[in-house]
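J.: Build out the structure end to end from the sequences listed, making use of the hints.
Going down the list, the sequences are from chains Y, S, X and G.
Everything in the first sequence is counted per my numbering, starting at 1220 for the first residue and increasing by one.
Everything in the second sequence is counted per my numbering, starting at 1220 for the first residue and increasing by one.
Everything in the third sequence is counted per my numbering, starting at 1220 for the first residue and increasing by one.
Everything in the fourth sequence is counted per my numbering, starting at 1220 for the first residue and increasing by one.
Please keep in mind that the hints were generated in silico from the structure rather than gathered at the bench.
One or more hints might be untrue.
Said to hold, decoys possible - Taking lysine to any residue pairs in the SDA-like style, the calculated list, with each CA pair at most 25 Å apart, reads: (1) G:Lys1374 <-> G:Gly1412; (2) X:Lys1267 <-> G:Lys1244; (3) Y:Lys1374 <-> S:Arg1236; (4) X:Lys1374 <-> Y:His1435; (5) G:Lys1352 <-> G:Gln1414; (6) S:Lys1244 <-> Y:Val1463; (7) G:Lys1413 <-> S:Val1463; (8) Y:Lys1244 <-> S:Thr1320; (9) X:Lys1362 <-> Y:Asp1471; (10) S:Lys1374 <-> G:Pro1479; (11) Y:Lys1331 <-> S:Lys1374; (12) X:Lys1244 <-> G:Gly1288; (13) G:Lys1352 <-> G:Lys1374; (14) S:Lys1331 <-> S:Thr1320; (15) S:Lys1374 <-> S:Gly1401; (16) X:Lys1244 <-> G:Val1376; (17) Y:Lys1244 <-> S:Ala1272; (18) X:Lys1331 <-> X:Ala1409; (19) X:Lys1413 <-> X:Phe1322; (20) X:Lys1244 <-> S:Glu1480; (21) Y:Lys1244 <-> S:Ser1457; (22) X:Lys1244 <-> G:Gln1353; (23) Y:Lys1244 <-> S:Lys1331; (24) G:Lys1244 <-> Y:Pro1338; (25) S:Lys1331 <-> Y:Glu1305; (26) G:Lys1352 <-> G:Glu1335; (27) G:Lys1267 <-> G:Ser1234; (28) X:Lys1413 <-> G:Ser1234; (29) Y:Lys1244 <-> G:Ile1477; (30) Y:Lys1267 <-> Y:Lys1331; (31) Y:Lys1244 <-> G:Pro1479; (32) Y:Lys1244 <-> G:Gln1414; (33) Y:Lys1413 <-> S:Glu1480; (34) Y:Lys1267 <-> Y:His1435; (35) X:Lys1374 <-> G:Glu1249; (36) X:Lys1352 <-> X:Gly1431.
Computed from a predicted model, the values in this text were never measured in an experiment.
This is what each chain is made of:
4 protein chains.
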Amino acid sequence: MSREPRPIRSDIAWSTRDRIEVRGKSLPDEILGHFNLGDLAYLQLTGKTPTEAESRVFNAIVITLVEHGITPSALAARLTYAGAPESLQAAVAAGLCGLGTVFVGSMEGAAKMLYEVLPTDAPADADLDAIAKQTVADYRARKQIIPGLGHPLHKPVDPRTPRLFAIAEDNGMAGRYVELMGRIQVEAEAASGKQLPINATGAIGAICCEFGFPGHIVRGFGVMARAIGLVGHILEESENPMGVEIWQRIEDEATAHIRPE
Amino acid sequence: MSREPRPIRSDIAWSTRDRIEVRGKSLPDEILGHFNLGDLAYLQLTGKTPTEAESRVFNAIVITLVEHGITPSALAARLTYAGAPESLQAAVAAGLCGLGTVFVGSMEGAAKMLYEVLPTDAPADADLDAIAKQTVADYRARKQIIPGLGHPLHKPVDPRTPRLFAIAEDNGMAGRYVELMGRIQVEAEAASGKQLPINATGAIGAICCEFGFPGHIVRGFGVMARAIGLVGHILEESENPMGVEIWQRIEDEATAHIRPE
Amino acid sequence: MSREPRPIRSDIAWSTRDRIEVRGKSLPDEILGHFNLGDLAYLQLTGKTPTEAESRVFNAIVITLVEHGITPSALAARLTYAGAPESLQAAVAAGLCGLGTVFVGSMEGAAKMLYEVLPTDAPADADLDAIAKQTVADYRARKQIIPGLGHPLHKPVDPRTPRLFAIAEDNGMAGRYVELMGRIQVEAEAASGKQLPINATGAIGAICCEFGFPGHIVRGFGVMARAIGLVGHILEESENPMGVEIWQRIEDEATAHIRPE
Amino acid sequence: MSREPRPIRSDIAWSTRDRIEVRGKSLPDEILGHFNLGDLAYLQLTGKTPTEAESRVFNAIVITLVEHGITPSALAARLTYAGAPESLQAAVAAGLCGLGTVFVGSMEGAAKMLYEVLPTDAPADADLDAIAKQTVADYRARKQIIPGLGHPLHKPVDPRTPRLFAIAEDNGMAGRYVELMGRIQVEAEAASGKQLPINATGAIGAICCEFGFPGHIVRGFGVMARAIGLVGHILEESENPMGVEIWQRIEDEATAHIRPE
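T.: Pasting the structure below:
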C-alpha cells in the first residue's frame, strides 16, 4: 500500500492557545456580541457575513422552518426520549433522521426546479410566463407533483408565503425566482383546476434562489432549524410526556386483531 | 385492556387553515420579520420572548457552541456523508449522537454544580468564598474533576470566557453564579497548583444559572447550536471532502500489524 | 504541536487482494457456510468461536431481544421512515437511538448488580441466600428498583424466563448467577409482598454473567438484536404504513385544547 | 377535523399475560432453542421459516455483510463513542446512518437491475446472453456503473463471490440470476477491457433475486448485519480506542494551513 496520502484541510475554523477564529473572524472579538444566531449560521454555511437585508430575509426563512407542530419527526424524537432520557442528543438525532425527501425535500426540490428552468445566468429578458407554462406542462406530462405547491391544510393560501415574500420584497430580494414561482402557481392552478397555494417550502425554495444558494444547501437549513424545534419538543416531553401514552395506545390497537381475548 | 387513555397535549404550536401560532404568537404576523433565529430559539425553548439584554447574552452563548473545529462529532458527520450523501439529515444526526457526557456534558455539569451549591433561593448574603472553598474541597476529596474548569489548549485563559462574562456584565446578567464560578476557579488553582481556566462550557454553565435555565436544558443548547455547525461541515465536505482519505489512511494503519505483506 | 502520534490499530479484520480474515479466520473458507449469524455475532463480539452449548444459549438470548412488538423504538423507526423512505438505514438508526437506560438498560443493570454482589472470583461456598437477602435489603434501603425484576404485563411469570433458564440448564450454563437471580426474586417478593417475576432482561443479565460477558457488552446484544427487529418493522411499514395515521391522530388531539374552532 | 381514523395494525408480534408470539409462532415454545439468529432474522423479515437450504444460504449472505473492517461507518461509530460512551446505542446508530447509496446501496442496485432485465415471470427460455449484452450496452451508453461489479482491492476475483455462489449452488439456489450476473460480468469485462470482478454486493444481490426478495429489503440485510459488526467495533474501541487519536491528528493537519503556529 504505497498510497500517496492526499491532503486533508478545512477552512472553517482554527484555534491556538489564545485565539479562536471562525470563517476568518475572531470568535471572541468579532463574532460574540456582534452576531445573532441567524447571522452566525449564515456565516458558518456560506462563509460570508450577511448584509442587513440578507440578515432579515435569512432569519425569516430559517425561523419558518423551526417549528411545524407535532410532526412525525417530533414524535420520533419524543418516543426516543422516552427510552433514553439520558441522551437528549440522541433524541434530537432520531428526529432529524426523518427530514428526508417527503417533507423537507420539497424545499430543495423547489429550488432545484427553479434553477433548472431559469439558470442564474439566464438572459435578463427571459420570458417567465413561457417558462412557467412549459414547466407546468412538463411536470403534468411526467405526472410529477410540482415541488413547493399545494398544502393539505392551508388553502387557498399558506399564511407564511405572502409574509415571506413581503419580507423579501421589503429587503430588495424578491426578484425573478419569486416572480417565477408565482407564475408557476397560476399556471398549475389553471391547468389542474385545483387550489395549489405556494406553500412555505416553495416560498423558501424561491427565496433561496434569490440568494443564489446551491440547491443541496437548502435542506441543510431545514435540518439545522428543525434541530432547534426538536429541542423544544424534548423539553416539553420531559415535563409533560406523551411518548409512553402513544406507545400503549398504538400497541393495544395494532395487535388487537391477532391477540387472543 | 380496559386502560383509560390519558390525554395527549402539546402547548408549543398549532395551526388552522389560515393561522399558525408558535408559543402563543402568530408566526406570520408576530414572529417572521420581528425575531432573529436566536430569539426564536429562546421563545421555542422557554416559552418567553427575551428582553433585549437576554437576547444579547443568549445569542452570545449559543453562538459560542456552534463551531468547535474538526471535532469527533464533525468527523462522524463527514464520514457518514461519505457513505450516504443523499441523506444530509442523517449525517447531521450521526454528528449529534456523540454530543454526550464527554464534551457537551461539562456545560450541564457546571450548571448543576452551581445550582447545587448555591440554590436559586439561597439567602442574599450567602458566603461565596466559603461555598467555593467547600465545593473545591468536596470535588478533590471525591477525586472528581470540577466541571467547567481546565482546557487542553487554551491556557492560562480560554479567550471566550472573559468575553462571555463581559457581555453578561454589560447586560446586567453577571450575578452571583458568574461570581461564584470565578471564585471556584481561584480556589481550584490554589488547591491544585495547576492552571485551570474557566473554559467556555464553564462560563456558559454559569450564565445559564443567571438565566435560571434548568440544568438539563443546557445540553439542548449545545445540541441545537452544533447542528448548525455540522451543516457547515457537511457543506464543506461536499465540496472538499476528507472522509474517504481519513478512511483509507486509518484502515491502512490500523491493520498493518496483522495484514500479510 | 509536536505531538507524538500514538498508534492506531484494530484486531477485528483485515483484507488483502485475495484474502479476507475476520477475528483470525478466513471469511470465505472458515466462516461462510460454517457459521450461523448468531455464532458469527459471538465471534465478532468476543473474538471466540462458541462451543455448541454456548451457541445454543447465546442464540436464544439474542433472539429473545429481536422483537418486542410495537415499542417506542419501533414507532420512532416507522415515523422516521414516513419522512425519509429513501433512507432505510436512518430509520433503523432512529429506532436504535431510544435503546437507552429505560428499557434495554435493565439488562445491563441486572448483570452489573450480579457481578457486584457475586464477583466472578467469589469463593465456591459463597452463601447465595445471604447475598440475596443483603442485596434486596440494600436496594430497598436506597429505594431503588432491582433491575431485571417485575413486568407490567407478564405476571406472575414472564414466559421467556423459565424457557431461557431451561435452555441454559440443558447446556450446562445455569450456574451460580442464575441461581442467585432466582433467590433475589424470592427475597424481593417476600419483602415487598408483590409479584416480581424475573423478566426477560433479568434472565438474560444472569445468563450473560454465566458466560462472563462484561456488563457493558450486554447492552450491545440488545442493540444488535433490535436492529434486526427494526428492519422487520420498517418492511411492514413500507407495505402497511401506520406512521402518517399516528401523526395525524396525535397532532389533532395534542393541540385541540388551544386550536380555535 | 372530522377525519375518519384509519385502522392501525401490525402482524409481526403480540403478547398477553402468559403468551408471546412472533410471526405466528410461540417465542418461548417454538422459537427459543429451535432457531438460530439468522433463521429468526429470516422469519422476522419475510414472515416465513427458512428451509434448511434457505437457512444455509441466507446465513452466508448476511454473515458476509457483518464486518468490512475499518469502514467510514465503523469510524463514525467509534468517534461517536468517544464523545458519548454512555450511549452505546447512539454510536451504533451513528454508524448505521452512513449505510446509504455509496457502499451498501450497490447491493440493492444489483438486485433491482437483475429484476428489471429479467423479471421473475420471464419465460423459461429467456436468452441470458442477449440480456447480458443488452444490459452492459445500456449501462455503457448511459455512462453508468454496473452495480455489483468491480472492487478497488479484490482483483481479479473477490474471494467472497465464488464461495457465496458455491454455497448457493450446493443448496440448489444458484439459478438464472446467478447465471445472469456472471454473464453480465463477462460482457462488462470484454466491453471495457478492465477487470470487473463480481463483488460481494453483486453476488448477494443476485442470490437475493434467487430468493425472490424485493429489492428494497436487501438494504435492510446490510443494515441489520452491520449493526452486529458495529457493536464489535465499539467494544474494541472501549478497550483500545482510536477515536481521540484520529481526532487530534486530523484536526492538527486540517487547519495547519491557516493556523498561526
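J.: Going through the numbered hints above, which ones does this structure break? Give me the numbers in ascending order.
T.: 2, 4, 6, 8, 9, 11, 22, 23, 24, 32 and 33
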